[in-house]
Amino acid sequence: MPDNSQFSVSAVEQERAAYRAQERRRSVLTSVASSVALAVALIVLLKFSPGWPRVKESFVSAEYFALAWPQVVDGLLLNIRVLGVALVGVAVLGTSLALIRMTTSAVMFPLRVLARFYTTIMRGIPMIVVLYLIGFGIPGLGLFGRIDKAVLGTIAVIMSYSAYIAEVLRAGFQDVHPSQRASARSLGLTTAQTMWYVIIPQGLRKIAPALMNDFISMQKDVGLISTLGAVDAVRAAQIVVAKTYNFTPYVVASILFILMSVPFILINDWYSERLRKREQTGGMV
Amino acid sequence: MASTDFSQNKKVLRIDNVVKRFGDLTVLDHISFDVHQHETVALLGPSGSGKSTVMKCINLLEQVNDGQIWLGDTDLTDPREDQDKIRSRIGVVFQQFNLFSHMTVLDNVTLAARKVHKWPREKAEDKAMGLLRRIGMDTKAKEYPDRLSGGQQQRVAICRALMMEPELLLLDEITSALDPLLVGEVLEMVGELKKQGATILMATHEMTFAHDAADRIVLLRRGHIAENGSPEEVMDNPTDPETQQFFAAYNRV
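Residue numbers (the working numbering), protein chains in the order written: chain A, 1 to 285; chain B, 1 to 253.
Because the hints were derived from the structure by calculation, they are not lab data.
A portion of the hints provided could be inaccurate.
[As the list claims (entries may be wrong)] Pairs of lysine-lysine residues, derived as DSSO-like cross-links and limited to a Cα-Cα distance of at most 30 Å, are as follows:
#1 B:K11 - B:K85
#2 B:K140 - A:K206
#3 B:K115 - A:K206
#4 B:K115 - B:K56
#5 B:K56 - A:K206
#6 B:K140 - A:K277
#7 B:K56 - B:K127
#8 A:K277 - B:K142
#9 A:K206 - B:K142
Predicted model only: the values in this text are computed from it and were never measured.
Make a model of the complete structure from these sequences and hints.
Structure (structure tokens):
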């Protein structure tokens with residue numbers, strides 16, 4: 001949209017601007033109207049479904065909401081800690097796997113094969129099975145004494161997510177144009193220096209939105225550690241449900257998980273939009 | 001600018017019977033020529049004649065199938081030599097500039113000095129600013145490459161290649177990707193380097209520039225050296241009919 005506010009413009013442009021303003025008003029009105037219509041339809045649908053009073057009582061009860069809230073919030077603190085540790089773990093393991101898979105030297109051959117095997121296997125196993133294998137398998141070995149369930153859960157999350165992240169990273173690094181590598185090597189930079197100063201920074205920029213997306217996904221998947229018995233938000237909700245036979249605590253947990261993800265989703269959207277703008281300058285379509 | 005005879009100077013680059021094949025295709029078939037100190041040699045030839053392959057072999061981006069390439073007393077083709085060391089003795093400028101897009105102009109120019117040669121940042125930046133000032137680009141030192149015109153980017157790329165005072169400067173069709181109006185500023189810079197005594201091997205399609213700036217012309221044709229002599233001999237008075245045709249075609253456009 002051209003900004004002409006500081007200039008005197010011709011009648012043609014004034015007419016066009018007036019028309020555009022009118023169109024904008026119309027589209028705002030239309031979107032408000034359609035949103036209201038959809039909301040009304042949903043409410044009517046719920047109100048008239050025969051089981052609504054019962055569902056309302058067991059899923060959105062104010063009383064049980066208040067009861068469950070503090071316990072679920074307590075549980076969420078564990079999720080946040082697990083997420084923090086997993087984030088660091090995934091960054092380290094995922095990057096290592098990606099770099100190992102991209103090496104070419106003969107010495108690295110066995111590691112390269114292992115890394116490839118690992119990412120293939122790990123991406124194929126459902127996350128919950130990884131959790132069971134680590135959560136019940138490692139203590140079963142009896143090597144390390146008693147290990148906290150949350151620790152085992154964190155290890156499982158790291159192992160599973162590293163495999164995905166490694167492949168995203170590898171795609172990003174390999175997407176950097178070969179001429180950048182040629183140009184870095186021509187300056188006398190070693191393979192490792194080329195990787196560190198030229199390829200990784202450029203590759204990361206390309207895949208930042210995909211990485212953020214995986215992070216948001218991991219954020220909710222840390223709730224799966226409840227299956228091992230670690231008392232996180234989901235497990236805390238489960239405990240309240242078992243005592244009260246009311247499902248509202250699950251809604252509490254969901255709301256908390258959503259709240260936790262919103263800032264990251266916003267950051268992700270903002271960053272993607274910025275990238276899009278930077279790469280497509282001046283396009284209207 | 002008349003060409004000068006540098007054949008008595010020491011040989012900076014010696015290409016000796018180099019063969020390069022891609023699969024069944026022989027791109028370079030026993031090529032030999034030298035570049036002497038302070039000499040500017042223009043490598044000419046139609047597209048596909050092997051100019052870029054020669055450049056890549058010298059820069060060790062491609063491995064030769066036979067023959068040797070000597071930089072001073074070092075045999076580049078010897079696998080026992082440290083390739084990174086050799087590369088840092090040669091400055092390369094590419095057709096597509098290849099500046100690092102995530103770094104400022106200054107960081108681009110100083111990267112090798114800081115990371116390969118372990119110069120302190122201040123020393124590297126002082127030297128880089130000096131180079132940039134000479135081409136009037138010091139005011140752009142903190143800009144990112146995509147904010148510059150093609151000609152400016154290419155001049156920065158030349159500064160980057162010059163930073164470590166390479167024994168040999170390889171210019172690989174450095175004006176081919178430029179707007180005709182920006183070609184001049186880049187060629188002017190090359191002329192300046194030549195005056196300062198740089199040793200240059202350049203692959204180019206700029207016939208007028210090659211004629212005026214080069215001391216010697218090496219003309220490649222189908223993987224062989226068709227001509228090797230002064231611009232006057234090769235370009236003004238060629239005797240070989242195919243060579244005559246080649247330059248005539250350029251004169252028509």
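Hints and how they fare:
For the hint linking B:K11 to B:K85, the alpha-carbon distance of about 19 Å falls within 30 Å, and the restraint holds. Only pairs whose Cα atoms come within 30 Å are accepted, and B:K140 paired with A:K206 is accepted, the gap being roughly 25 Å. Between B:K115 and A:K206, the direct Cα distance comes to roughly 24 Å. Compliance with the 30 Å bound is thereby established for this hinted pair. In summary, the hint linking B:K115 to B:K56 is supported, as the alpha carbons are separated by about 23 Å, within the 30 Å threshold.
About 28 Å separates the Cα atoms of B:K56 and A:K206, which keeps this hinted pair within 30 Å; it holds. Of the pairs offered as hints, the one joining B:K140 and A:K277 holds, with about 23 Å between alpha carbons and a cut-off of 30 Å not exceeded. Distance check on the hinted pair: B:K56 and B:K127 sit about 28 Å apart at the alpha-carbon level, within 30 Å; holds. With a CA separation close to 22 Å, the supplied pair A:K277 and B:K142 stays within the 30 Å bound.
Simply put, A:K206 and B:K142 have alpha-carbon atoms about 22 Å apart, close enough for the 30 Å limit, and the pair holds.
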